Amino acid sequence: MIFREAVLAEAAAGYHRLTEYYRDIRAFFEVLSVRFALPEYGVRLRPVGGNELFSNANSYLLSDESAYPYYLWTPTWLGRSYVDADHVPEGQAPDDLLTARTRLIAFVWPWLGFNDAYVEDAAQPECWFGVAEPHPDDDTETVHVTAQSLFNFFRLERTFEAEVDGWLTGNFRSHVAIGCNLTGHWFLRRVPLATLTSYYQVEQRVIRPIGEKFAALRHAPAERRHDGHAPALDMVVPQPR
0 MIFREAVLAE AAAGYHRLTE YYRDIRAFFE VLSVRFALPE YGVRLRPVGG NELFSNANSY
60 LLSDESAYPY YLWTPTWLGR SYVDADHVPE GQAPDDLLTA RTRLIAFVWP WLGFNDAYVE
120 DAAQPECWFG VAEPHPDDDT ETVHVTAQSL FNFFRLERTF EAEVDGWLTG NFRSHVAIGC
180 NLTGHWFLRR VPLATLTSYY QVEQRVIRPI GEKFAALRHA PAERRHDGHA PALDMVVPQP
240 R
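First residue of the sequence shown? That's 0 in the working numbering, and the numbers climb one at a time after it.
There may be inaccurate statements among the hints.
[To be verified] Quick list of simulated restraints, FRET-style, between CB atoms: (1) Asp95 to Ala8: 48 to 56 Å; (2) Thr194 to Gly41: 36 to 44 Å; (3) Asn151 to Leu17: 52 to 60 Å; (4) Ala36 to Val6: 39 to 47 Å; (5) Leu7 to Tyr199: 36 to 44 Å; (6) Ala56 to Ala121: 30 to 38 Å; (7) Ala11 to Ser54: 19 to 27 Å; (8) Val163 to Gln203: 16 to 24 Å; (9) Ala8 to Gly90: 49 to 57 Å; (10) Leu7 to Gln203: 41 to 49 Å; (11) Tyr199 to Leu17: 23 to 31 Å; (12) Tyr198 to Thr18: 47 to 55 Å; (13) Ala8 to Ala215: 46 to 54 Å.
FYI, nobody ran anything at the bench for these hints, they're computed from the structure. From a predicted model like this one, the values you see are computed outputs, not experimental measurements. Glycine is no exception: its CB is placed at the ideal position from the N, C-alpha and C atoms.
Please put together the full structure from these sequences, using the hints given.
Next comes the structure, spelled out in structure tokens:
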């Protein structure tokens with residue numbers, strides 16, 4: 000037997016339900032873009048990667064050549080990263096900025112809540128979000144490369160250290176053998192997607208916490224790098240209207 004009758008009977012309905020889920024993901028990120036563009040909580044944020052979303056499944060292979068021990072043709076994780084808009088010169092894409100000079104990267108990662116080799120299954124789909132101060136080994140690394148590394152190599156259960164003021168916190172651990180060259184600190188919250196069903200809930204449970212945490216970290220002393228020096232920052236001064 001090749002095709003299983005029980006699977007075929009549910010395939011179309013399952014596909015349509017998952018399609019609607021991805022439509023909600025798109026609407027969610029569109030709301031974030033609009034709200035992050037305003038300095039409501041002390042900072043304006045620009046998305047990294049344009050309209051691209053990071054994904055843990057972006058190709059279709061007959062042979063499983065990925066690091067995952069199972070076929071993963073439908074993404075369970077999607078994500079987007081953001082940087083301080085004041086660091087982005089006019090006419091330049093955020094992707095081209097150097098991580099060493101922008102310092103902070105915010106991230107938002109919706110997750111279906113299961114089938115991850117590094118995280119225990121959750122009771123329901125979740126949104127992971129937070130702010131990181133990553134330090135790649137290469138001072139010329141761009142924020143797009145670093146944001147991809149954050150998405151690929153974030154290991155909550157191995158790097159978590161404490162919970163402070165409602166934020167899970169920890170430090171990245173460089174692991175060159177698997178392609179991760181990051182050190183630095185991160186702040187994370189996890190909320191069920193079921194609690195993000197209105198504009199008000201998204202504002203209070205995702206947008207506001209990210210904005211306030213990012214603004215607070217932006218005005219805090221920069222972390223010392225492994226070489227003992229704080230990273231230099233580029234700040235674009237807005238021109239008067």
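Verification of the supplied hints:
no.	hint	verdict
1	Asp95 to Ala8: 48 to 56 Å	holds (49 Å)
2	Thr194 to Gly41: 36 to 44 Å	violated (24 Å)
3	Asn151 to Leu17: 52 to 60 Å	violated (23 Å)
4	Ala36 to Val6: 39 to 47 Å	holds (43 Å)
5	Leu7 to Tyr199: 36 to 44 Å	holds (41 Å)
6	Ala56 to Ala121: 30 to 38 Å	violated (18 Å)
7	Ala11 to Ser54: 19 to 27 Å	holds (23 Å)
8	Val163 to Gln203: 16 to 24 Å	holds (20 Å)
9	Ala8 to Gly90: 49 to 57 Å	holds (54 Å)
10	Leu7 to Gln203: 41 to 49 Å	holds (43 Å)
11	Tyr199 to Leu17: 23 to 31 Å	holds (26 Å)
12	Tyr198 to Thr18: 47 to 55 Å	violated (23 Å)
13	Ala8 to Ala215: 46 to 54 Å	holds (52 Å)
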